[in-house]
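Enquirer: The primary structure of each chain is shown beneath.
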Amino acid sequence: MAVASEKSIFFQALDIASPRERAAYVQQACAGNEDLLTAVSALLLENERDGNPVDRPLAAAFLPTGVQIFDDEASASQFPPGTMVGPYQLMERIGEGGFGWVFVAQQQSPIQRRVALKIIKPGMESREVIARFEAERQAIALMDHPNIARVFDASVTQSAQPYFVMELVRGVPLTEFCDSHQLDMSERLELFMTICHAVQHAHQKGIIHRDLKPSNILVTLQDGKPLAKVIDFGVAKAIGQSLTIKTIYTRFTSMVGTPAYMSPEQAAMSTDDVDTRSDIYSLGVLLYEVLTGSTPLAPDRLQGAGFDELRRIIREEEPPRPSARLSTLDNDLARTVAVNRRLVPETLSTAMKRDLDWIVMKALDKDRNRRYSTAGAMAEDVSRFLSDQPINARPPSTRYRFAKFIRRNKVAISTVSLVALALILGTAMSVWQAREAIKERDEKVIALREARAAEHAANEARTELEKFNDRLNSTTVLLAAGRANADAQRWADAYAAYTEATQVLPKYFLVWLERGGLNAKLGRWGVAATDFSKAVEIGFPIEQAELSGVAQVLRYAGELDAYDTLCDKFRRSDVNDPMAVAARGRLVGELSSPEAATLADRAERMLSGMDDESNPTAIHQPKAKFHRYAKMFYGVNLYVAGWAHLKAGNYERAIQRLEESNRAVWFGRGIADPLIAIAHHKMGNAEDAVRCFDQSQSMLFRLLDESIEQSKGSPSIPWVDWVEFLINHREASIVVKGHTPAVDPRLRQVQKLAEATIAD
Amino acid sequence: MSEVTQILNQIQQGDAAAAADLLPLVYTELRRLARHKMKSEAAGQALQPTALVHEAYVRLVGSEDLPKWDNRGHFFAAAAEAMRRILIENARRRQSLKRGGDRKRFEVAEDDAIIDAGDVDELLDLDSALTKLALCEPEMSKLVELRYFAGLSVEESAEVLGVSPRTVKRNWAFARAWLGRELNSDVEG
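Chains as they are written, first to last, in the numbering used here: chain A, 771 to 1530; chain B, 1102 to 1290.
One or more hints might be untrue.
[To be verified] The calculated EDC-like cross-link candidates involving lysine to aspartate or glutamate, where the alpha carbons are at most 16 Å apart (straight line), are:
id, chain 1, residue 1, chain 2, residue 2
1, B, K1270, A, D825
2, B, K1270, A, E818
3, A, K777, B, E1240
4, A, K777, B, D1228
[To be verified] Partner residues are not named here, just some residues of chain A that face chain B (Cβ under 8 Å, in silico):
id, residue
5, N817
6, V824
7, E960
8, V1247
Treat the hints as calculated values from the structure; they're not laboratory data.
Every value quoted in this text rests on a predicted model; they were computed, and no experiment measured them.
By construction, the Cβ of each residue, glycine as well, lies at the ideal position given by its N, Cα and C atoms.
Let the hints inform the model, and build the full structure from the sequences given.
Expert: What follows is the structure, given as structure tokens:
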């Protein structure tokens, strides 16, 4: 199905007024290709015909009317318990937010386990979401921390809604847990420190949470001790809610409370100027709430505020210090807050006076340069507070440090004081004071040195992290620019963007995969194979959609080591993929017949799954409609099944499936011809073999002519199909004709055209 | 300066990632506007998607900014896509109501009844055909979104896509014929 040629014939034909001349032109242009002639004639017929669906004005009645909840519920009802979403079976719905719904689900393969499945509501760019997730996936996979819920996977549902698969955490939100278990101050602070460590761990891997709030921190009891788990790391970014205040404001009703945790720079609506220090701010808000029972900027005020007022409050208003907030509580509320923290109301504010105030206010600084530079530093200060050491948040003064010293050594000092009093002698007192003064000075010098060293290390770590973050960010931007330019067929620009990405973050597999993909699309096989080898060398998770065709190009360009490494990974992974990426990659290489038989079985199972109405994944698609969506996959899998049968030595079945693939509607229609020729040859049908080979030959010529005619380095069929066809046609020539085909001069010409696309 | 204007400027300055932030904003605004209009306007009054898209533009970008057309191009491309999405989601919702799965949970709204079931199927078919067209001719499918879903004229579409009106006319003829062929072959098959 060569769309580009039918397009050029169609355009030419439009310019010919006389119906007779037009028909003659079309006849001649299709050059005896009956399929093409039928296709073009159908187009011309449709062009003349009235009543095309796009001619009628769009029915305005399709516009939404009901209230939000109506739409949401209707789409939520697409997911009753028992529905299969990928390999996950939904069980119960456990949550709903502005973004989507959360389900408990049972994963069936490769391992059986319960997971939490978050389905994003329709209306967010699903392809974009998954692409962004892919970009972050490697970093997310690197996170391994007892206080972070793992994110396992992301994909799209049948109705094109993105979903995330996460570790299932059965817990309650942080603040709720603290109050219902009546944790005292130090228990609260201990728990909070574990959260800081989790956030620190993620930051070191280059992941920013962007949406830290109590409902994203779930606490359970494990062995009688509270265990906090931060959920949704990496999700906020992927769903592309850059969580600017606008997006939050527009969904205010469903996300009440969220603006309270938002940093001033997030409120400033700068779309992508969010870094790890925004999370530090949110940690400050959390600590504030854990200590006082309310957020720094009271939620009822935020809720009552208009959009601009809301922004102003978050960016400008200084919240009261936590101790001040507590002292202004009215009696009832103070009692609740105190009871929950096992304190008597009077000691409530003195308990956290000053030091905790300093810690919280430092994290909440409007200027992010003055906040803690890392979550670890914040945890460190909380820990110092708990062990009565001087904290960093506070500008040190001698009196302050000495006061701390006295509290730490309370018993010793009072004994000494009593003795001193008993002696009444001023001399003894002076001696003691002198000794203590020296000791304090020494202590100060040491502390200062330690503090300097720690600060230096922290600064270095921060710069390193910031550099990595910056590089990752700019890489993501460059890749997006590359894709956009490639979509608009500005090849040189796309290539330049990808190339820059390979320079900024050369250790990132995706930059090589994407540039290789562009090269392959343009028909530049050699350089594409070099890029792909790089990616293979770096290593990557095997479920990448970008892997389609990679193995084939490596094989075609003779990068056999990289090809073997990749196929080894394919062999060991066990993903059921409707695009048969792994199977196609392996089939171009050498394969034992039992291995081929396994691939054939799998493709057959995939086909029967697509065909079978009782298949649970097809539940929400009436048969006809489902077929239309799945037509493409169906064609691909017919071809893959036939190919695998051929390699397994099952020739009759191979021919049957391959011929079916030639009748199915998919872009690679026709690329099965060389394989059919080989199958006939193996069965001893010399005549059929030659006939099919000739057919394959004429398809090759047609595609080459088409490329040359359009001055392009590759024909309009997908490059995966094209490279496989080239490999298999060559193979068919050897098997059927007994010799490698002479290099077609047109092939060389096409190669030149391919190189020229980037050169100019 | 509004957030949308800010994003448009970022795109203009070559920040391709900013484009991703545009769609959700435009989508939300269009939905809000549509719902508001449908409630407040007298029954039977036709509300055209194209009017909505232009009103959303004035609301989100403001008319006083007078940005260059190139700038507006990104907006209308996003608006057309958002409009398509809104209409398709609602068509899907109607279809699922029609199948009766949720009758006891949802009242059928009055205007649900006005729409012919055939229209719903036709729109959904058109949508999937268009998705297929986008696979081989992305620019053509964009053109259909602009003209059909956002109601732009030939000249406006030409500005948005950065091609001549003549090219738009020819491409439109092809896309229209292609879609017609796709939809009719499905009826036969």
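Enquirer: Does each hint hold? Answer for all of them.
Expert: Consistency of the hints with the structure:
1. K1270/B with D825/A: 14 Å, holds
2. K1270/B with E818/A: Holds, because 15 Å separates the two Cα atoms, which is no more than 16 Å.
3. K777/A with E1240/B: Given pair K777/A, E1240/B holds - Cα atoms ~13 Å apart, limit 16 Å.
4. K777/A with D1228/B: It is violated: about 21 Å lies between the C-alpha atoms, which goes past 16 Å.
5. N817: 4 Å, holds
6. V824: At 5 Å from the nearest chain B Cβ, V824/A passes the 8 Å test, so the hint holds.
7. E960: Since chain B brings no Cβ nearer than about 39 Å to E960/A, farther than 8 Å, the hint is violated.
8. V1247: 5 Å, holds
Checked against the numbered hints listed earlier, the structure breaks hints 4 and 7; every other hint is satisfied.
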